[in-house]
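Visitor: Since the structure of chain D is already known, use the hints to place chain X on it.
From first to last, the protein sequence lines are chains D and X. Count along the first sequence starting at 1, add 150, and that's the number in my numbering. Count along the second sequence starting at 1, add 64, and that's the number in my numbering.
One thing to keep in mind: the hints can contain errors.
Chain D stretches covered by chain X per the calculated footprint, using a threshold of three residues with CB under 8 angstroms from any CB of chain X [what the hints assert, rightly or not]: (1) 313-322; (2) 459-465.
To give a feel for the contact side, a few chain D residues facing chain X, derived at Cβ under 7 angstroms [what the hints assert, rightly or not]: (3) D226; (4) P237; (5) A238; (6) P310; (7) Q468.
Listed below are the simulated EDC-like cross-link pairs for lysine to aspartate or glutamate, each with C-alpha atoms no more than 20 angstroms apart in a straight line [stated by the list, open to error]: (8) X:K165 with D:D232; (9) D:K358 with D:D343; (10) D:K245 with X:D176; (11) D:K245 with D:E153; (12) D:K245 with D:D306; (13) D:K358 with D:E382.
Simulated from the structure, these hints should not be mistaken for laboratory data. Just so you know, even glycine gets a beta-carbon here, dropped at the ideal spot from N, CA and C.
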Amino acid sequence: MIEILTASALATVQDNGRHSQYRQGVGTAGAMDAVALAIGNALLGNASDAAAIEIPVTPFRVRFQSDLCFALTGADCTAELDGMPLPADWAMQAKAGQVLSLGRVRSGCRAYLCLQGGVDVPVVLGSRSTQLREAFGGHEGRPLRNGDTIRAGGGDVTLPAAGLGALLPSVDVPAESGIAAAIRVLVAAEYPDFTPSSQAQFWGQPWKVTAQSNRAGYRLAGPQLELHSARELRSHGVVPGVIQVPAGGQPIIQLSDAATMGGYPKIGTVIGADLWRLAQVSPGEAIRFVQVDHSAALAAEDTLAAHIAAVRATAALQRRAHQRMFA
Amino acid sequence: MTSLAELNRVLGWMQAAGLASIELRDGDQLLRMVLDSAPAAPRAAQVAPQTQIVSPGMGRFLASHPRNPVAPITPGATISAGQIIGFLQLGNTLTAITSDKPGTAVQVYPSDGDLLGYGAPVLSLDQGV
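Excised from the complex, chain D in its bound form:
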C-alpha cells in the first residue's frame, strides 16, 4: 500500500484504456503516454494491462506503507526515494516508510508511478482507468487526493539493489530546433477540403500547444486553416489522435479523454505510435506535423512494440540474474 502525501492536480489511475465501450459513447481514457506505462510494467514484470498512477503535475509525494517495488517512468523529473536521487525510467525496491518525492520536471509533462503487481482498483467496464468526465473507474472515479491509500497487486519481484532501468524507444523523426516533437500524421477524410495554402501551412508551420490542453485534447495555435467552403458535417465517431479544425481555424488534437463523437472537419490523425510523444509535450511548447502513409504508421507501431517486448524480455533476464546471484 502507498499513501498519497501530496497530490497535485489531476493525478489519476490509468491503464491501457477502456476500449470495449466505445459504442456506448464511453471514451477510451487510459494512460496518455502508453509507452511509459508499458516500460514501467515491463521493468516490474507486471501484466501489460496493469494500472499505474499518471502524474501530470509535480510536486507529488507518496509514502510506502510496506516494502514494495515500483517504477517511475514518463516525464523526466527530479525524483528521490528518502533523499536518494532516482534515474529516469527506473524501477526500485522501496522499504516500508520510505517517501518517494517527485520535484522539478526536466523534460516531458506526465510521470507514471507503476507498482509491483499494478495499482489494485476494481475493473469497471473492462478497465481500471479513471473515466474523469463520467466519474467512474480508477480510484473512486476521481483524481487522487492527499491521504488516499492505494493498494498494489503485489507478487514476487526481485530487482537489483540499485534498481533497473530502461531506454526509451528511438524515434526516427529528425529533431528540429525550437520544436519539442515532430509528430507523424495521416491525412484524414476532410483534408482535401482545406485550401492548398492551408494544407502547406499545416505541414510547414510550427504549432504551439496552448494552455487549453489536457487529457481530453490539445488546442493548438498557429496559422489559421481554411476550407474551400464552409462545410456542415454530421457528428461522426472520432478516436484519440484525430486532428479537428473548428470554425476558428485552430486545430484540436483529440486525446485519451476525448468524446467519442465530433462534427468538425478532420485534417489529419496523429499515428498511434506517436501519441506517447505528444503526451509529453507541455503547453507552451511547439510541435510540427510530418506526413506519413498508412504503411509507415504500421511500421512505427511495430518498432514500438518490438522495443517494449525487448525491454520486457531483458528486464526479466536481469531480474532472474539478480535473484540467482543473491538467492
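Guide: Showing chain X alone in chain D's frame:
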C-alpha cells in the same frame, strides 16, 4: 592487474564462487591463479588505502544516463556512499554501478561505451585515512 589489492579481490571472488582456478587475460598479459583444495592461504593484509569499485554485471558502460547527460566523473571528484557512478546497458535495459563507500575519485577505468565484464574495475577511490 598486478596490485596486491586487486589480486586479493580476485581471490575473494574465487572463494565466493567456489572456483578452483581462474585465468585473466589483459592484452598480452596472462594471470593464472589456482586455489588448493586445502583451506585458503591467509590473505595478504590490506595495504592500499585505495578501494576499487567494480562492475556488478556485464554490459556497455555509460558514464551518465542517456536522458540526463552529465559530465563524467573525473579524478578528484567527491563520491558519496550509494552514489551512482555509471550505468551498464544490456539490450534496452540499464543497471546502475554504485559506490558502496565514500571517497575521492582517483581513476575512472572505462570510457563511455566500453564493454565491461562482471568484476571489471570501474573506479578507484581514495578513502583518506
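Visitor: Compare the structure with each hint and give your call.
Guide: Here is how each hint holds up against the structure:
1. 313-322: holds (count 6)
2. 459-465: holds (count 5)
3. D226: holds (5 angstroms)
4. P237: With Cβ-Cβ at 5 angstroms, under 7 angstroms, it holds.
5. A238: It holds, given that the least Cβ distance between A238 (chain D) and chain X is near 4 angstroms, below 7 angstroms.
6. P310: Nearest chain X Cβ about 5 angstroms off; hint holds.
7. Q468: holds (6 angstroms)
8. X:K165 with D:D232: Given that 20 angstroms is the threshold and the Cα spacing comes to 19 angstroms, the pair holds.
9. D:K358 with D:D343: violated (23 angstroms)
10. D:K245 with X:D176: violated (32 angstroms)
11. D:K245 with D:E153: Holds, because 13 angstroms separates the two Cα atoms, which is no more than 20 angstroms.
12. D:K245 with D:D306: holds (15 angstroms)
13. D:K358 with D:E382: violated (27 angstroms)
Violated hints, in rising order: 9, 10, 13; the structure is consistent with all others.
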